[in-house]
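Listed below, chain by chain, are the residues.
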Amino acid sequence: MTDNVLIHLNNVTKHFEDDGRKVPVLKDIDLDVQRGEFLMLLGPSGSGKSTLLRLLSGLEKPDSGTLHMGVTSHSFVFQDFALFPWLTVAENIGFGLKMKGRSESEITAVVKDLVSEMGLDGFLHAYPRELSGGMKQRVGIARALAMSPEVMFLDEPFSALDTFTEVKLRLEVLKIWETRKITMVMVTHSVEEALFMADRIAVFSERPATISNIVKNPFPRPRNVHSAEFVRKVEEISNLVE
Amino acid sequence: MYMVKKYVRIYKRRVHVLWTFLIVLLPFLFVFFVGAISTAQKMSFVGDLLASTVRLFIAYTISLFIAVILGITLSRGRVGAFMLPVFDVLQSFPTFAMLPLAVSFFGPSETTVVIFLIITVVWPMLFAIISSQKLIKTAWDEAATIYGATGWRRIVYFALPVAGPGIVTGSIVGLGEGWEAVVGAEIIVGIRAHGLGGFFNGYSQSGHVVFYGVMALLLFIFAMNHLLWLPFLERSHKMLTE
Ligand SMILES: Nc1ncnc2c1ncn2[C@@H]1O[C@H](COP(=O)(O)OP(=O)(O)O)[C@@H](O)[C@H]1O
Ligand SMILES: [Mg+2]
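Those protein sequences? They're chains R and A, same order as listed. Read left to right, the first sequence gives residues 2 to 243 (my numbering). Read left to right, the second sequence gives residues 15 to 256 (my numbering).
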């Protein structure tokens, strides 16, 4: 494993049990996550993208194959936010640091910075149930950033949001990626989102999923989703997905 | 600071608190009133109710402690999978049948009554807490894992808040069975100290006294449920609303 490879997967397979039947989900997955990159996992729903992301983040173990994790800290942004409803916004953001046994004053300082960075001012003591979907995911992202992660995993983080919020949060996540130099691995089923955000796109085949292609993004940033080349490339990748 | 506030604020208005006190006092007023028109020893009933309440309260507190610890630690993992069926058998064991044996072991003391009450109260509480843990959303569980909740911190900051509704429903059912059991246990054990068992046993010849006693006891339990436990239940569910 070279210095530039943070996570290395070799021949990884994964199945689930359904009524005692073995259902293969991932088959022969080879993948490197490179330091500093924005890697997108793209595929139809049910193809096993979330499962791969959970393997990468250590939430699941592979059945066979090897997974080398050269990462000291990572965090996760969930599709349905997964905020803790019994905690306030501030307590949710500080949860990871609290679990690490950090002092209250340190947690307060980190939370305060993140709250203003993520545009959550005034919601410090609100509960998640009082927030809109967009605000909830801002809290989810702030909670992930509080860990100062080397790698951030994002599982369709905008799919529960309206289009306006989605477009806005995409840009904010990109800004975070650029300024903080966090390696990001994100899941999406939208080709356009993948091509807009990622450096590389790992395209999933149907289940049991293999990674059929890894597409290098040819466009410089910032990207214009309306340009003819972009639209053509979206179509090209869409054909790979089907 | 706000941690404290959010758990104490179950009463929406001060009037609610006043009503609670008033209605909890009602059975006592009721008995004083009845005492004036009957031969029942009103002071005896108040003392008896108080003594039984204290015994039940002690048993409840110990049960709460046991049920929370066991419920949270055994709802996951192999030991839990092994112990649950064992508990299920133990729970259905006819505890009253054991009482004479317990008396010959511990003597006709208050301790025997309290131990018996614990055995009665702890089961519904344990199972309610276990089921609350089984219903934890996968996403919350994964978020807790990703953000490093392990050991005692996972219990205090994750498992316990999630157990809230289970603790409250378990308490309502457990105390309900506890009130029945306290009267029976005091009679069978035959303790000399104050107690409802002694009261009902002593007046078993005068039907109207027993009737008024039962009415007062029911009123007391009803008041506790409506003014204490139901607001707690509502609150605990609200704390888990996303
Ligand atoms: N814990 C699980 N138990 C059983 N089956 C699962 C589990 N997790 C996922 N699956 C199945 O694996 C397949 C892939 O799921 P997932 O990785 O969530 O897909 P995607 O994120 O691409 O939509 C689905 O068919 C799903 O039903
Ligand atoms: Mg998914």
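Hints are computed from structural coordinates only; laboratory data are not their basis. Take the hints with a grain of salt, since some may be wrong.
What the hints assert, rightly or not - Cut-off 20 angstroms, straight-line C-alpha distance, at most; resulting in silico cross-link-like pairs (SDA-like, lysine to any residue): (1) 99/R with 167/A; (2) 101/R with 167/A; (3) 62/R with 51/R; (4) 252/A with 132/R; (5) 101/R with 171/A; (6) 176/R with 51/R; (7) 148/A with 111/A.
Hint numbers not upheld by this structure, sorted from lowest to highest: 6 and 7
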